[in-house]
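Colleague: Quick note, the sequences are listed as chains A and B, same order. 1 is the number of the first residue of the first sequence in this note's numbering; add one for each residue after it. 1 is the number of the first residue of the second sequence in this note's numbering; add one for each residue after it.
Check before you lean on any hint, since a few could be wrong.
[To be verified] So, partial list: chain A residues that the calculated Cβ filter (under 10 Å) puts toward chain B:
(1) D15
(2) A42
(3) N52
(4) A166
Bear in mind the hints are in silico, worked out from the structure with no lab data behind them. What you are looking at is a predicted structure, and each value in this text was computed from that prediction instead of being measured. The beta-carbon is built from N, C-alpha and C at its ideal position, and this holds for glycine as well.
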Amino acid sequence: MNDHPREDRVQDYVDDLLCPEERAEVEQHLAACAQCLSEVAALRDLVADLHNLPAEIQPDSDLLSVIHARIDAHATHATDATHATHTTDTTDTTTAARLRDRSLYSLRYPLAAAAVVLIAVSTALTVMLVQRNGGSVRLGNNGSRNGSTVLASRQTSAVDQRYSEATAELENLLQSQRSQLAPETIRLVEENLRVIDQALAEARAALREDPSDPALSDFVRSAYEKKIDLLRHATRGAT
Amino acid sequence: MVPETTHSPAPVTRLTIPRLMASTGPAVEADVVRRAQAGDREAFDELYRCTIGRVYAVCLRMSDDTQTAERLAQDAFVRAWLRLDSFRGDSAFTSWLHRLTVNVVLEDRRSSGRRLSRVENVEDPGVFERGTPAPTVGERIDLERSIARLPSRARDVLILFDVEGYSQEEIARLTGTAVGTVKAQLHRARKLLREMLNR
Chain A
1 MNDHPREDRV QDYVDDLLCP EERAEVEQHL AACAQCLSEV AALRDLVADL HNLPAEIQPD
61 SDLLSVIHAR IDAHATHATD ATHATHTTDT TDTTTAARLR DRSLYSLRYP LAAAAVVLIA
121 VSTALTVMLV QRNGGSVRLG NNGSRNGSTV LASRQTSAVD QRYSEATAEL ENLLQSQRSQ
181 LAPETIRLVE ENLRVIDQAL AEARAALRED PSDPALSDFV RSAYEKKIDL LRHATRGAT
Chain B
1 MVPETTHSPA PVTRLTIPRL MASTGPAVEA DVVRRAQAGD REAFDELYRC TIGRVYAVCL
61 RMSDDTQTAE RLAQDAFVRA WLRLDSFRGD SAFTSWLHRL TVNVVLEDRR SSGRRLSRVE
121 NVEDPGVFER GTPAPTVGER IDLERSIARL PSRARDVLIL FDVEGYSQEE IARLTGTAVG
181 TVKAQLHRAR KLLREMLNR
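The task is simple: from the sequences and hints, build the whole structure.
Modeller: Structure follows, in C-alpha cells:
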C-alpha cells in the first residue's frame, strides 16, 4: 500500500490530536496496512513507557542548606540596598552598637560548632587513617583507581563545587559588610572560619585519596554545613 | 518566558501534577503555602521536602548532569521563595512550582547557550534508579539514558510533552517556538529514541 499517512499525521493520531474526520481516515488506512499498524503500536509503546517514568527523583543530598544560604545572601543584599538609599552620614551609634551586640549574640552557637568541627574531623580522620594504614598516618596515593572510584570522585567534585559556590557567595557578602561588624566579631568569625577551613582541607585531602568512602564525604559535608551556618549568622548579624 | 502567576489562563490540558499533600488535602496545603508566603522558613522547608523529588526530576532530565540539575533545583527554590507572593492559589502550588522550574531550566539554557547532554555526560546512570520503583527497572534506565543522549531541544519537548504532560501549545509558549516546531522536535526525539532502543 503506497498512500501511507504522513509521519506527523501518525504522530498526531497516537497523541489523539486529530479531528474525528482525520482520525477516521487514518483508522481506515490502518485497517488495511500492517506496516503502519505496527508503526503505531511501536510508537504507542514508547509513549506509554515515557508516561510511566517516575515523576520524582531524589537528589543525592539535601539541597536545603545551600538554598537557605542563597536566600539569606539575597535578603541581605536587598537589605543593604535599602540601607544604602536611606542611611545618612550621621549614623545612629546606638543602633550600630545594638547591631554589633546582636551579631555577637547570634554567633555564639556557630562559633561553638566550629571548634567542635575541627576536633571531630581531626580526631576521626586520624583514627580512620591510622586503622587503614596499619598504624601510620599517610595521605599519599593509594594506587590505581577503579571505575567506581573515578565516578565517586566526580560526584565528590560536584558536591564540593556546589558548597564552594555557596560559601564563596556568603564570604563575599561578609567581606562587603565588615564595616557593620564590631572588630571583636570580625576577629572571632575569621578565627573560626580558619578552624573550619582547616578541618575542610584535612577532610578533602583524605577524600581525594578515597573518594568512595561515605564517612569522608559526610565529614566534608558537615564541615561545609558548619561554615555556611557560621557565615549565615555572621551576615545576618551585620544587617 | 511564561509567567508563573496563576491568574493567567491555564492552557495546560494534559498536566497531571498531584496536589502537594494528597493525604492531608488542599486546606493544609494552602495553609503551608500561606505560612511560607508570610516568611515562615519551616513552612518553606516543608514545601521543599514535598516537592524536591518532582523539581529535581525535571531538572535532571532536562539538563546534562547531576551537578547542573542540583544547581537548577536550587535556583528554582530560591526563585520560588522570592516570588511566593505571586502565587495566588488559583491552581495547585505544585503546578505553579513546576512551571517556574521549567522556566528556570529553559532560561539557563538560553543564557548559557550550551549544547546539552550526551550520554557520557550522565556521570552516574544510577541517578535514575532512585525514583518510584518500577517493574522493569533495567528498561527504564535504558530509556532514561537514551533520553539524555537526545539533542537538547528535542529532549526538552519530549520531556515536557511525553513525561510531564504539557500540551504542545503550552510547550510552544514556554520555549518561544511555533507549535509546528514542537511537533517536529517531538517527532525527531521519538524517532531517535526508537533507533537508540532498537524499537
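Colleague: The structure should be examined with respect to each hint, and the outcome stated for every one.
Modeller: For each hint, the structure was consulted:
With its C-beta approaching chain B no nearer than about 8 Å, D15 of chain A sits inside the 10 Å limit, and its interface hint holds. The criterion of a C-beta within 10 Å of any C-beta in chain B is met by A42 of chain A, whose closest approach is roughly 5 Å, and the hint holds. The interface hint given for N52 of chain A is met, as the beta carbon of that residue sits about 7 Å from the closest beta carbon of chain B, less than 10 Å. With 10 Å as the threshold, the beta carbon of A166 of chain A comes within range of chain B, its nearest partner Cβ sitting at about 9 Å, so the hint holds.
In this structure, none of the earlier numbered hints is contradicted; all agree with it.
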